[in-house]
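*Asks:* Build out the structure end to end from the sequences listed, making use of the hints.
Chains A and B, in that order, give the protein sequences.
Under this note's numbering, the first residue of the first sequence carries the number 1, and numbering increases by one thereafter.
Under this note's numbering, the first residue of the second sequence carries the number 213, and numbering increases by one thereafter.
Some clues are possibly wrong.
[To be verified] On the chain A side, residues computed to face chain B include the following (Cβ under 7 angstroms):
| no. | residue |
| --- | --- |
| 1 | ALA115 |
| 2 | PRO143 |
| 3 | ARG145 |
These are computed hints drawn from the structure, not numbers from a lab.
By construction, the Cβ of each residue, glycine as well, lies at the ideal position given by its N, Cα and C atoms.
Protein chains: 2
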Amino acid sequence: MALAAEVAAVAGRLTTPIWRAKIHKSLSKNKHLANSRYVQLATVREDGRPANRTVVFRGFLSDDDDSLTFVTDSRSRKVQEVAANPAAEVAWYFPQTREQYRIAGNLVIVDSASADSALQQARTRTWSAMSDGGRQQFGWPQPGRPRAAEDPEAWNQPAPGSQDPPLDTFCLVVLRVEEVEQLLLRSNERFRYSRDVKQDGSMAWAEESINP
Amino acid sequence: MALAAEVAAVAGRLTTPIWRAKIHKSLSKNKHLANSRYVQLATVREDGRPANRTVVFRGFLSDDDDSLTFVTDSRSRKVQEVAANPAAEVAWYFPQTREQYRIAGNLVIVDSASADSALQQARTRTWSAMSDGGRQQFGWPQPGRPRAAEDPEAWNQPAPGSQDPPLDTFCLVVLRVEEVEQLLLRSNERFRYSRDVKQDGSMAWAEESINP
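*Replies:* Rendered as structure tokens:
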């Protein structure tokens, strides 16, 4: 790798992408709203129809990695769907600031068998950071199945502790970001951020102002 | 048609589907929130990737028709996408009552050339009910195109009046509903509503309680 490329790669990580800095700012201005971290995640089902559900944003993967993280149950339908088609788009609306982000990319599901040690550590870290109620749900009966009248005990298992290992059903969902759009309803501005890979192999985010 | 079928068909329209009645109740309980009518609409792009964006719910098509309605600009990317693949899923989160609805079905775009007179009337009715600011946007430069520095006049055309005919760019978006899921985060209940066509041809909505 040429020196220029190395410098650019390092510089790329010293500088937070504009869109990530904007999301941090939006989160800060909307933090009094309980649902400011709720986003809608769209994927494509195996029959080619879209699926859309609300999920909780669990933070960026790391200071150096701009992937968004969520959690899911290994028994949920979306795990199979993502295995067949990893493409996803998040819609994230911030009520206080009246902004929308659309974040497109590809999903990676990190389950108990994932061999990537950095992702496995992120999975454990996210598990530990969840509430007791959040961790307890991963011991519940299979999501989406007909609800059985019997066996109330199945819903009342004690929650695993934050230091207990994640249940096998617990998956980290990682969105590798390819493109971001921000729409500001107050000012009628709209910006698109896309990956710009330079001839030397370094990557930067290109910003474009587009019509709302 | 046998008498039993006629009675069932009529009864079907005298009775509002449970899921529609639930949405009315949720809208009522959340109406103090400015964004309670904002929903996320997922579709599939022509390259097979999902698209997801926030749109405003403009009401049910009529007392007798449970389709959801939205509006869009004929020049927006989703109009082409829907022509290729009409499948859609709405995610609708109500912050006050902590409920999510997922509403799956097929989209119909009603543009200025649509021949269906009932849908054309609905398009005009929706246009008239919009705010001046909402109607004005349909005269703006093409959405998604690079924003030109010149020509501030393009953004300042006076809004058409509520009694003026809809601009040609104005489209009504109709979601023909196939399946609905309601998730209640407070009580951890989840219900699925699906079309149940009986042997005599009449239709009813089947309700199923499923695991959250």
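*Asks:* Now look at each hint and say whether the structure bears it out.
*Replies:* Hint by hint, here is what the structure shows:
1. Hint status for A/ALA115 relative to chain B: violated, with the closest Cβ pair at about 27 angstroms, above 7 angstroms.
2. The restraint placing A/PRO143 at the interface with chain B holds, with a minimum CB-CB distance near 5 angstroms, inside the 7 angstroms limit.
3. For A/ARG145, the shortest C-beta to C-beta distance to chain B is roughly 5 angstroms, which falls under 7 angstroms, so the interface hint holds.
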